[in-house]
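**Student:** Here is what each chain is made of, one letter per residue.
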Amino acid sequence: MVTAVVTSEGWPNVRDTFFSPDDFADAFPDVLDGFWLDVKLFLIVEVAVLALGLVIALARLSRNPALFPLRLLAALFVDVLRGVPTILVVYLIGFGVPALMLSGLPTDPVVLGGIALTLAYSAYVGEVYRAGIESVHPGQRAAALASGLTEGQALRHVVLPQAIRRVAPPLLNDFISLQKDVALVSILGPLEAFRVAQIEAASNFIYTPLVAAALLYLCVTVPLARLLDRWERSRRR
Amino acid sequence: MTAVLEIRGVTKAYGERAVLRGIDLEVDEHAAVALIGASGSGKSTLLRCIDLLEEIDDGDVLLDGKVVTDPSVDPVAVRRRLGMVFQAFNLFPHLSALQNVALAPVRGHGVARGEAEERARELLARFGLEGREDEHPERLSGGQQQRVAIARALATRPRALLLDEVTSALDPELVGEVLETIRELKSEGMTMLIATHEMGFAREVADQVCFLHDGLILERGEPERIFTAPERTETQRFLRRLLEAGRL
Chain A
1 MVTAVVTSEG WPNVRDTFFS PDDFADAFPD VLDGFWLDVK LFLIVEVAVL
51 ALGLVIALAR LSRNPALFPL RLLAALFVDV LRGVPTILVV YLIGFGVPAL
101 MLSGLPTDPV VLGGIALTLA YSAYVGEVYR AGIESVHPGQ RAAALASGLT
151 EGQALRHVVL PQAIRRVAPP LLNDFISLQK DVALVSILGP LEAFRVAQIE
201 AASNFIYTPL VAAALLYLCV TVPLARLLDR WERSRRR
Chain B
238 MTAVLEIRGV TKAYGERAVL RGIDLEVDEH AAVALIGASG SGKSTLLRCI
288 DLLEEIDDGD VLLDGKVVTD PSVDPVAVRR RLGMVFQAFN LFPHLSALQN
338 VALAPVRGHG VARGEAEERA RELLARFGLE GREDEHPERL SGGQQQRVAI
388 ARALATRPRA LLLDEVTSAL DPELVGEVLE TIRELKSEGM TMLIATHEMG
438 FAREVADQVC FLHDGLILER GEPERIFTAP ERTETQRFLR RLLEAGRL
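Residue numbers (my numbering), protein chains in the order written: chain A, 1 to 237; chain B, 238 to 485.
Hints listed in this document are in silico derivations from the structure and should not be mistaken for laboratory results.
Treat the hints with care, as some may be off.
Below, a sample of chain B positions facing chain A; criterion: calculated Cβ distance under 7 Å [as the list claims (entries may be wrong)]:
#1 Tyr-251
#2 Leu-290
#3 Glu-291
#4 Val-315
#5 Arg-344
#6 Thr-393
#7 Arg-478
Have a look at the derived ranges for each label pair, beta carbon to beta carbon [said to hold, decoys possible]:
#8 A:Ala-99 - B:Glu-253: 53 to 59 Å
#9 B:Gly-246 - A:Val-80: 32 to 38 Å
#10 B:Glu-359 - A:Val-84: 40 to 46 Å
#11 B:Glu-417 - A:Arg-230: 44 to 50 Å
Beta carbons: idealized from backbone N, C-alpha and C, even for Gly.
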């Protein structure tokens, strides 16, 4: 297959526009600068997603009849945000919220993009948490309550630690996915890696900066994936 | 003298299916009462209702003379005064034996960690688990796990212990060590309500045996009489079936 690519008619052209070492060296510092914004945004959004996702899962799992509206709201949230393409959520929030012109609402595209990603990913992560909590045998909750813990203590000290351990692999999988999707914020204008690369590409008619950006994403997602593999292996032992 | 536990006319149904159909029962201080009967007769449900893990439909449960099944009573405070041991142990798999025993005292009762762990060590040692404190449940045999669960139930110094078929999930050769533990508790005066399929054990340890059938206590009395001269045909049939299965 490699031979087919490098002997193809267009290969010299592709090589010069996508894989030029000189262009790579030129573009790399700017793209790297932009990439830090991705990393920062990823870390902050991830923490927010872990928190909001848990809130949504707990809301959906609440038993109290009085909390029915909350359950309904959480289910609706998950349905809508999981059902709409993430890029649309970023668009709608990134351009919709400032257009309301309400004072007090954020207008910074990075913040809005972060909020959009948080909402979209919380819907997924909330469902992962929910599956984890439901997989813990009801006898665990019963034993925790019987030993004199409150519902909240039983959840915190008995059910959640087991649930989270069980769903750690799918949670980490969503991490990796989020790390890539941070690039979607670029459509709102902030100069993150993809956006920087795109601008350089468009102004010089070369695509090498995009390759540089791709490599930077790989630098984070591949080690994350290996870490996940290793951790899963050690857990199985 | 008021009984430690008193159950008055307790009923419980799951949808259409009535599981408890009016149970009356008293457990005096230092007494051991055995609940026998076929699977599905309501033994486990009764224990779960007493520990407020299930809501009863009607009737009252009294602990030390006070009604605990009233909505105004905080169930957490009631459960702290009762200990429960489950058929499937239900140990917390992510915690060590010691942490299993010390969790509720530390998190639920606000006992200092050092003090709670010291008591947990004492309890585990007493049940022959010295040196196994830091093992997780999966590394312990079924008998050891159940003894950890008994230590966990005792860690909060309960008024009474509810035992729900605690040897039913054990390999036959491990049943003895768990029964020995309960025998010891009885000799120390622990008040106990014991749902069991071990008739020999019930006969030996219980002060009173209650035969549950279809959500009702059909017959009750001293173990000798129940096992040698049961009056009700249902009791006779139940015991005869056990005899034929070689379980008596």
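**Student:** Take the hints in turn and mark each one as holding or not.
**Tutor:** A quick look at each hint next to the structure:
About 14 Å separates the beta-carbon of B:Tyr-251 from the nearest beta-carbon of chain A, more than 7 Å, and the hint is not met. A hinted interface residue such as B:Leu-290 counts as satisfied when its beta carbon comes closer than 7 Å to some beta carbon of chain A; here the least separation is about 5 Å, so the hint holds. Because the beta carbon of B:Glu-291 sits about 10 Å from the nearest beta carbon in chain A, more than 7 Å, this interface hint is broken. The interface hint given for B:Val-315 is broken, as the beta carbon of that residue sits about 9 Å from the closest beta carbon of chain A, more than 7 Å.
Using the Cβ-Cβ criterion of 7 Å, the hint placing B:Arg-344 at the interface with chain A is satisfied: the shortest such distance is roughly 5 Å. With 7 Å as the threshold, the beta carbon of B:Thr-393 comes within range of chain A, its nearest partner Cβ sitting at about 5 Å, so the hint holds. Checking B:Arg-478 against chain A: minimum C-beta separation of about 28 Å lies over 7 Å; hint violated. For A:Ala-99 and B:Glu-253, the hinted distance range of 53 to 59 Å is satisfied, since their beta carbons lie about 56 Å from each other.
Checked against the hint of 32 to 38 Å, the pair B:Gly-246 and A:Val-80 fails, with Cβ atoms roughly 50 Å apart. B:Glu-359 and A:Val-84 have their C-beta atoms about 58 Å apart, which leaves the hinted 40 to 46 Å range violated. The given range of 44 to 50 Å is respected by B:Glu-417 and A:Arg-230, whose C-beta atoms sit roughly 45 Å from each other.
Violated hints for the displayed structure, listed by number in ascending order: 1, 3, 4, 7, 9, 10.
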